[in-house]
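Make the full structure from the sequences, and use the hints.
Just so we're aligned, residue 1 is where the sequence shown starts under my numbering, counting upward by one.
Worth flagging that the hints you see were computed from the coordinates, not collected in a lab.
Please read all numbers here as calculations on a predicted model, not as lab measurements.
Every residue gets a Cβ at the ideal spot worked out from N, C-alpha and C, and that includes glycine.
Among the clues, some could well be false.
[Claimed, not checked] Derived EDC-like pairs: lysine to aspartate or glutamate, alpha-carbon spacing no greater than 16 Å straight-line: (1) K151 x E35; (2) K151 x E78; (3) K151 x E127.
[Stated by the list, open to error] Here are the in silico distance ranges between beta carbons for each label pair: (4) E109 x E35: 17 to 25 Å; (5) L145 x E2: 18 to 26 Å; (6) R81 x D33: 24 to 32 Å; (7) A147 x D170: 34 to 42 Å.
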Amino acid sequence: MEQLAIRDATPDDAEAVAAIYGHHVLHGTASYDVEPPPAEYHREKIEQVTGAGWPFLIAERDGQVVGYAYATQFRDREGYRFTAEDSIYVHPNWMGQGIGGALLDSLIERSVEFGFRTLIAVIGGAEAGSVGVHASRGFREVGRLHAAGFKHGRWLDNVYMQLEMRSTADY
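Set out below in C-alpha cells:
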C-alpha cells in the first residue's frame, strides 16, 4: 500500500470529489445538503477556491482519491479576509485511518502560508469524529447552534470550533 499523498486539487478531481461528497450528503450529517450536487458544481468550486489562491487539497492512496479538504474565507466581507472556514471529507472506505487529520494538518499549513490568521470549523451534526480531529489539532469549541439543521428525521446541532494560527500582532 502506498503512503498517503496530499496534493493540490485540479478540476479533473471533480468526479471523485462529487462521489465522496455525495456519500456524505446521502448518509451523513456533516453537510445539510439533501441531494448531492453534480460533478460540475464541484469543478466550479475547485476553480473558485484555487482561483482565489485558497487551498483545495486532495488526499490520494494507491492512485485513488480518498479525501479532500479546502479553506475559504469565512464570510464574504472584506473584514473577514484573515479568517477561513475549513471543509474536510473522507471517502467512506477510508474513514478512521488518519486521512482527515493529515488533510487538516496540510490545510492548516497552507492556510497560514496564504495569510489566514484564524481557521473556523463549522461541524454539522456535531459529528464526534470531526470534533475530535479538530480538537487534537488545537481547535477549541467557541459556540454551538442547537437544533440548527434538520436531516434524516432529526434535529442537528452545529458546533463552531476555532484555531488561532497566528497572533494578531503579525498583521
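What hints, given by number in increasing order, does this structure fail?
-> Violated: hints 2, 4, 5.
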